[in-house]
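> Below, each chain spelled out in residue letters.
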Amino acid sequence: MHFVKWRRVTWEGCSVLLDINDGDRLVFARLSPASTLKIGKKNCSLKPLIGCPFGSLFKVENGKDGLFLLRIFHTEESNNIEEEEDGISEDVSKDNREIVDNNTAQRLTDQDIHAMQRQGATGDEIVEALITHSATFEKKTSFSQAKYRLRKQKKYAPKVLLRRPFARSICEAYFKKYPSRIGFLRLDALSLLLTMANVTAYSDILVVDMVGGLLTGAVAERLGGTGYVCNAYSGATPYPMDIARIFNFSNEICERIVRCCLTDLCPVLNGTCELVNQSKDACNSKTEQKEKLSSCESVSMEQDIVAEDGVPEVIAEKAAPLALKPSKSAKAGEGASDNLINLWKERGFSSLLIAAPELDAWSILQKLLPLLSYSAPFAIYHQYLQPLATCMHHLQIEKLAVGLQISEPWLREYQVLPSRTHPCMQMSAFGGYILSGTRTCTYDAHSH
Amino acid sequence: MHFVKWRRVTWEGCSVLLDINDGDRLVFARLSPASTLKIGKKNCSLKPLIGCPFGSLFKVENGKDGLFLLRIFHTEESNNIEEEEDGISEDVSKDNREIVDNNTAQRLTDQDIHAMQRQGATGDEIVEALITHSATFEKKTSFSQAKYRLRKQKKYAPKVLLRRPFARSICEAYFKKYPSRIGFLRLDALSLLLTMANVTAYSDILVVDMVGGLLTGAVAERLGGTGYVCNAYSGATPYPMDIARIFNFSNEICERIVRCCLTDLCPVLNGTCELVNQSKDACNSKTEQKEKLSSCESVSMEQDIVAEDGVPEVIAEKAAPLALKPSKSAKAGEGASDNLINLWKERGFSSLLIAAPELDAWSILQKLLPLLSYSAPFAIYHQYLQPLATCMHHLQIEKLAVGLQISEPWLREYQVLPSRTHPCMQMSAFGGYILSGTRTCTYDAHSH
Amino acid sequence: MLPGDPSQAISLQRRIRDGDLVIVYERHDNMKAVKVNEGGVLQNRFGVFKHSDWIGKPFGSKVFSHKKGFIYLLAPTPELWTLVLSHRTQILYLADISFVIMYMEIVPGCVVLECGTGSGSLTTSLARAVAPSGHVYTFDFHEQRAAYAREDFELTQLSSLVTVGVADIQGDGFPAKFLGTADSVFLDLPQPWLAIPSAGKMLKPDGILCSFSPCIEQVQHSCETLKSKFTDIRTFEVLLRTYEVKEARTEASCGDDGGFLRPLPCKRRPQSAGDHDADEVSSDSAVVVAKPAAEARGHTGYLTFARHQCL
Amino acid sequence: MLPGDPSQAISLQRRIRDGDLVIVYERHDNMKAVKVNEGGVLQNRFGVFKHSDWIGKPFGSKVFSHKKGFIYLLAPTPELWTLVLSHRTQILYLADISFVIMYMEIVPGCVVLECGTGSGSLTTSLARAVAPSGHVYTFDFHEQRAAYAREDFELTQLSSLVTVGVADIQGDGFPAKFLGTADSVFLDLPQPWLAIPSAGKMLKPDGILCSFSPCIEQVQHSCETLKSKFTDIRTFEVLLRTYEVKEARTEASCGDDGGFLRPLPCKRRPQSAGDHDADEVSSDSAVVVAKPAAEARGHTGYLTFARHQCL
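Chains as they are written, first to last, in this note's numbering: chain A, 16 to 463; chain B, 16 to 463; chain C, 46 to 356; chain D, 46 to 356.
Incorrect hints may appear among the rest.
As the list claims (entries may be wrong) - Keeping only pairs whose Cα atoms sit at most 30 Å apart, straight-line, the calculated DSS-like set for lysine-lysine is:
1) D:Lys112 - D:Lys95
2) D:Lys336 - A:Lys162
3) B:Lys20 - B:Lys414
4) D:Lys102 - A:Lys360
5) D:Lys291 - A:Lys414
6) D:Lys112 - B:Lys191
These are computed hints drawn from the structure, not numbers from a lab.
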């Protein structure tokens, strides 16, 4: 068997996450010689990024032919200031009696700066000039000086960090900029879901993913080209899974992501509303239709994720739509074959994961639980507690599962700096709720 | 006007909280020459505590006539070890390769110790003897040595700390030992209730207190003998308020705690179930009946609060029922006079506080809100979120209040020790929910 | 803001008068303090409001602008004041304020020392807690800030309960005249450990000190200093999480997926289930749901409490 | 515990066989691991269970003792294993484990170094994450502890994914043969800063280090050390709060107080209210309510992550 290798260096056609100025702006892009990134009003070629290791840092420089990206190396200082938040911790190191300086302290005008840029000054040179011409810089505490420098650097010499689009970075980026697109699924909740559902190689995982494909992608990443993610949907239209396309999945992995209509998987249950039985082919053709739709959509998906809480000096303009090469992962999300569906009906899925904040937990689970193998774990994410409580109660009463638990993850980040260590002043106060458990075998007879 | 003075020294008949071995055991007692505290199987007179400042520390000593309490003074070391928890932080300072010693290391037998005690050895002498006869003490890290010493001290030379029974200490003691008796009302939630309801001097505060009198007492403490706490109850039987009797309230304060049947306060609302109109006299006589009942009960209330999570060596036996002198606060909780009731009907209450975990929030609030003055704040504590959410929704829809908010307090204690600082390993994970708001004047006309 | 006698307490009969301080409530996150002035007007995005229309109305009334916009006029409280005061410094918020006052056992009649005054947010709540017979002595080394605070206490009529002093407590300690007089001392200083020895001298035996610090290093240093003269040293963090409430409408129709996955929270019962037909909810009904707000203040500061040793 | 190929995955057809490892589930807080043995018996408070009765049943089955007591037989997973393993040291729990694996970007094929092995709780989850083609090298300086861990990995059939070494990493660093080979390094050491320079050398460029420490001083020291060779230094704390679910029965009768204050949560509508008759609940109905469990683990440790600089 040929196992998936995760490449640590970019290639043409690979999908990347660009982190501009320490998270102020986050952009997903696909690298090609023609693709560009908009910085301010100008475009900047992404070609220099091809062949660089993930984790590389670039500076936007001002050249004769416009902006270009120049690879630089991390310096020790850059580690500190970026983590500092504005706020009360500053009071510790500075003397409160000091008078706050006003904006007249800068003697360099915008015209002066534009002139320097036209004459080919680098961003760093402009920052130094601003410092030299600041009337108050010398009077600031060293901490305030560092903050001033950083602010100017972000404006005149922005940095671009090249990141691997992994479940971690994708979830963090979406949660920071567009949480509603992923149903407010925070990274710690996502990681708990994967753990509680025992996602591992050679497993067949049933997912209901109404969080844009994030869950599907995260599961596929953990399967590493073995087993299957079955992205199940109800009705005629598959749920969008554009985010799964941001992952740099090889063909081996893409083939393991399949879609399936629930009507094809589920035996018709007594007493439910009459099922509109669609043939599998009809179902698949609709999947493909949707497929086309979503690859168009993915142009906009893979654009900028713009800072919403923008620091004023931060470049926050929309990037130009990136030239999208046909992606390697274009095949992710094909309809499941009859063979596979029959296999699952026989063997059952190894785990079930549900992240469908719009749907009632118990309504879904009561239909899907029979598709799960005995002793298989399941985990359901929801934004509201009550639907999970009701669902858990049903499972208990009907003795369908054991090890039932509703958990709420709680995440706190810290600023760790000499004499200025404390939890971050702003926090995400809510990571959703998760109901987890293990299916039991309800029949004593060896009925299968 | 004569203002209440809080005494900092105990007197005969005063109510105290005895904290034995740093919270291992918490006992409420009333001081008299005859009152005793049970330590192990022996009684120990509380007389030496009379006339001592609150905050005094005592050691249980072994005298000719049995145990006695001897006042001692805080030492610097005692501050540290007591805050240390068993657990992983110990690993930091000790070498993991060290072999844990077993129980055979102590060469002093129980018989030896009893003999020493009979010969009049002090507790500290016994502790020193145990250390001398421990085969492994010298090999322990200094941290482990301190823990060993503390454990033995707690057993052979227990300490008793004399505390003022304030809202803080009473709430902490009950929450630690019998949280269900105060509806799991944690100190931070109680403090928020008082703040959100703007409890202050010269106010008339309406409370629904189904948390044993804790809320009533805490409000009375803040009023300091001005204004009134009206402890309202529904039906024929007042809710118990024994905990309010633990506070050291002077007569001035006790007079300001009154009880009132809700049927006497509330205008009969259209369309509610027919009210069984009880005459105020009937209502009061029942109050008094209950009063008798609860002063009997208070014997058991003011007994031991025993450690539930007992460290094995800790004395955790029930103390003998304390000889209860007629308390100064016996008069707290008289029925409200007609005058007062009429005044409240005219003027409205200045705030409303509800801590009734058994009742539906909106059912209560819709009846009590009209008794509140316009622009008066209210705050409702509940253990479940949903009843408060429903209540808030009604208030919004019917435009009865502004500034509506459901808050959940969150409290974390830290261990702060050199090289061993971290949040405490065990925490109370839940402090309840509070709905707060301000009543608006719903009529544009000057209708009153 | 605080009643000086029973007649000043808020009541159904109390009417807004010329010269009253009112809190103008637009929304829960938009309020301001206004002193009512017979000839005054308030202008905001909802229009122009004449103060003369307010006079004679009960507190808590909804009043209208010329273009039918409306606001509520609320009686000031320390909580509302905290939301409208001008932030000359970082202020303490509800959760910390409540806990500090409870944990320092501040009750009517207490003498409390506070440093620094800052924007006076905590001071206002301290004044409420010591009223009617106690007093708060609050210090700030910043002359201008102290002057602003005094103006605020005039406006909120707390001057009889609060005295603002200008002093560098961290450098010089508390004034000697407070020796042994304080029931409680509150410190909000960058280097609280410098002021702790002086604070200890001001406290009565068994009196309580509280130090508020954002950084753990300040706490570590303070706790070391506290060990020599204080007992019961405990450090806490208090936060508040607020909840959003909304009404969720349900669809009860069986869609083309056979009613397979219906939106929350139309609860249908499994046909197999037997004896509990409890939480049936009628079709097309509305349900109130609540969830925590997404963002919250993640940290304000650590609160370290200690009791002055009882010798 | 982990399928080595598709045929080993849990399935509806898979039956318990002689020699299988099963998790015996009594209650959510009472489980144990048992190796099935044709002639074996399990005895607990519910009676005597013969292993031979288990063989041939599907995993997840309820099985009975001679006196009709019952247990469930579950297929082992790393999560269940964490609940049953013997605690030779403090272990990492679910929330930390999940976050560590996600944040270290551990995926199939990764090479991970871990120190120390401890009770092997995290190791088991690391093995699941790197399977089928990666490997976990885990180290403990305690010979006996390493031997126990090896036995456990034999039992759970993880030996092909995990190698346990005995070494004092904190003192001597990681073995040189791992230079530049690791995708991720996890440290759970009393003085992690001593091992950080060596960990850096083992990591591939942009590889991720995670250090778990209970005390903030350890974090402060580690972060200082990390600054020279690492970027993206971030510290987190992860906790879990669990909820209790119960059914609350309501009384719908109007008591002698005129139905004034009825127990939760029989919702009656105010007669004055008009247009929203939504959340009417039928009388004598049961409602499922949930609230957080009273006690929880308040702290496990701080997780500090950093990326090895990409040069």
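> Could you run down the list of hints and mark each one as holding or not?
Hints, one by one, checked against the model:
Distance restraint check for lysine 112 of chain D and lysine 95 of chain D: the Cα-Cα separation of roughly 12 Å lies within the 30 Å cut-off, and the hinted pair is therefore satisfied. Note on lysine 336 of chain D and lysine 162 of chain A: the hinted pairing is violated, with a Cα-Cα distance of about 44 Å set against a maximum of 30 Å. Restraint check for lysine 20 of chain B and lysine 414 of chain B: not satisfied, since their Cα atoms lie roughly 43 Å apart, outside the 30 Å limit. Restraint check for lysine 102 of chain D and lysine 360 of chain A: satisfied, since their Cα atoms lie roughly 19 Å apart, inside the 30 Å limit.
With a CA separation close to 15 Å, the supplied pair lysine 291 of chain D and lysine 414 of chain A stays within the 30 Å bound. Our distance criterion of 30 Å between C-alpha atoms is broken by lysine 112 of chain D and lysine 191 of chain B, whose separation comes to about 40 Å.
In summary, the numbered hints that this structure violates are 2, 3 and 6.
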